[in-house]
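Following the hints, complete the assembly by docking chain B onto the known chain A.
Here the protein sequences line up with chains A and B, keeping their order. Take the first sequence: its position 54, counting from 1, is numbered 53 in numbering that gives the first Met the number 0, and each next residue is one higher. Take the second sequence: its position 255, counting from 1, is numbered 254 in numbering that gives the first Met the number 0, and each next residue is one higher.
These are computed hints drawn from the structure, not numbers from a lab. Where hints are given, some of them may not hold.
Restricting the straight-line Cα-Cα distance to at most 30 Å, the calculated cross-link-like pairs of lysine-lysine (DSSO-like) are [to be verified]: (1) A:K82 / B:K203; (2) A:K53 / B:K203; (3) A:K246 / A:K212; (4) A:K82 / B:K91; (5) B:K79 / B:K91; (6) B:K7 / A:K148; (7) A:K263 / A:K241; (8) B:K170 / A:K82.
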Amino acid sequence: MSLIVAEGLSKRYGRVVAVDNLNLSLEEGSVTGLIGPNGAGKTTTIKMILGLLKPDKGWVKVFGQDPWDNTAIRSMVGVVYEKAFFPAHQKTLEYLRRVCRIFGVSESRAMEVLEMVDLQEASDREIRALSAGMLQKFAIAHALVHSPKLIVADEMTANLDPQARSELLEIVLQLHKDENVAFLLSSHILPELSMVCDSVAIINRGKVWAFGKLTELYEKYAVGIIRISTDRSYELEAEIKKLNYVKESDSDIRGISVRVVEGKEDELYEDVPRLAKKIKAKILGIETGSASLQELYRLAITAKERK
Amino acid sequence: MTNMGKGKPFLEVLASAIHEDFRFPFLELFAFFYALGTFVFASFTVGLSSQITTNEAIAYSVTNSLISGSLIVFILLILKNVAYGLGNDLEKGIIQTYFSYPLRRRGILTAKLLSAIGVSLLLFLGIQISALYILAPDIVFPHLGTVILTYAASLSYPLLISAIMLLLTLKLRRGGIGLVVGIVLYVAMNIASGIAFFVAVSTKSPLAFQILSVISPTYALQYHYGGLSGISDIFSVPWIPTLSETLLYTGASYGIVASLFILAYVYFSRRLNL
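The following block holds chain B by itself, in its conformation from the complex:
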């Protein structure tokens, strides 16, 4: 009989998930794309942001330009890890293998999500913070609140996509449909923002943007700091949300994201039949 001590099931399942999600060459490839997106787009938009005059708005513009270049890479990595990684684990039966270990279901899901989303987020933020430090320390560091709010607002929609994809993947026990829905949602948001802009301009009402900001508060933040550079001067959108309103939109969007993740946890822990 083997002597059994206290095991480390959570850390080992997490390590195993990271090993699979970020095996060669995924980690190297995505880190490269993150760096490329961050640095190339940063130098491009620092020029654009010179049209904005207040220091806070400049800090927002610089941070936003850094984010926009590599946010798509972050979304792609999450799509891969949740739909392909977790979906495959459910479809093929690796989750059943994990269910033979002395770790609660919620622990297994946490380990999988920390690997799929947490590590991707750390990688994204790590490269972003390095870029901010290298490229524009004097502009962004005096306005850390603005920088953090910009990241929070920008990341809420990708996290919403992840939560929806996660629910679909768990319900269908395969990642394919979750992956398609994730891509569609990403594209749909870009289309929706375009439609919202024209609706807002033609009706002279910010309602479309207000609705959109509940699921993607980056729009509220954008208009708080003066709207789209150049375009807003030509087509006036009658909306300048206050900082409190912007914070409220960001909080609401994270509320939705958190609710969906809680739903996924409840489903995985109490209802998921394999």
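Next up, chain A with everything else stripped away, as it sits in the complex:
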């Protein structure tokens, strides 16, 4: 069953096109990453999914319904924003009890969710007295009160230190495993998403450029890719490009990703040391098919731009 379906979703802010004819679907029980650079349209997409923004064109359905001012959906969806804001002068446990009453669940659930995010010791603290990491954990606890089937989180780890980030990702994994909660997680921090996501939607300039299960996307974009780590990426790439069996290449400061004509991988393995010697570059490693989510993202964007 699709929890979220969006078709032809578009939104403009004046002359700026934030989301442009975006299509997306999210299946029950999946953990989907919405990845893309800042300004790609992730937050606007999420706001339309949550019924905070009206699309200019297209439509979005959450649990088969229009999310705008829809109270039925809100009982099934939990929300975590990049910066969590709650009434600041209320105590954490007291406020979560209020949220329990809002959703009509037992007030004992308030302490349960605080314990789930390891905040039980802050139960008597005012919300404004929580640190950034604790506040994000509190936001997760708040999103869990009514045991939603889907949690939508927009850049929930963006303002956190590495320790807090990894704790939050642990919580995501745990919830997914124990309660089969589906997640839509937007982020531009790709390594952490690769830890938790089974699907990704790569969003750029307001469009979904690639979407699918991670394994499928690796197969589509990263198979046949040879990754060369070197101290002189750009110079070595210029030499590699001259080889007639090289289909495409891309480099960054740490290395080069090269795609070759099928069956020519061994030739590249032989040619690279020779070319490196010629320009006095150091080869730190050569690997086949080991693209990270970051590389996958770059490859998908490159492939789309070429089209």
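Positioned in the frame of chain A, the structure of chain B alone reads:
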């Protein structure tokens, strides 16, 4: 999976809003200023109202003197709650948090407004009624109609300011400009009434006051009961509106206020993008 019963989202969002709007020391401070304004000004103007002779006019004068002392406190409290409270909620994202609860947008706005304006009004009226009961029960209670009309006329302009501030706060999604406009409107009305008085005296025409009474019917009421004490004897303003006319001005002003609030509800429910 948690068992979900029937929740009370409206009451809880209202309780949460009241908790924030009237947290210590705001409630205590404003209640003190209300009491101070009401009782101090009451004893001052009961003396003034002795120049007015009919019983109804005396009831109006006493009620009006009680109101005038603490109306500014009411306006300040509304300015704080709408511009600072709701404005902050919109600017910082607390409204987005409320939008994750199973409560319609109009319910959320109603809860916020009941807290920001409704509770302020209850506090104001509670202290006012107590003061009337303590200070002048024999004068005001036989003329309850006059007393109610005086309150209705006096409160319409502050409510108009609130409605305009609310619209601005919703449109701009921040309270700062709404707050400035609210203060400017309050001051502007005092200036406008002064100008209207001199225009009326010099042109011998009540038109300026009639226009002003549509947005602040307290002027129509004032002239219905004989104008400004003392001043009217020196500068004659040729206007004595009937009670029906006064009621009409009051109704018209509430019509404007209601239209603006309805506009705010429609905008919040159908158009407000966060």
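In ascending order, which of the hints set out earlier in this document are inconsistent with the structure?
Hints 1 and 2 contradicted; others consistent.
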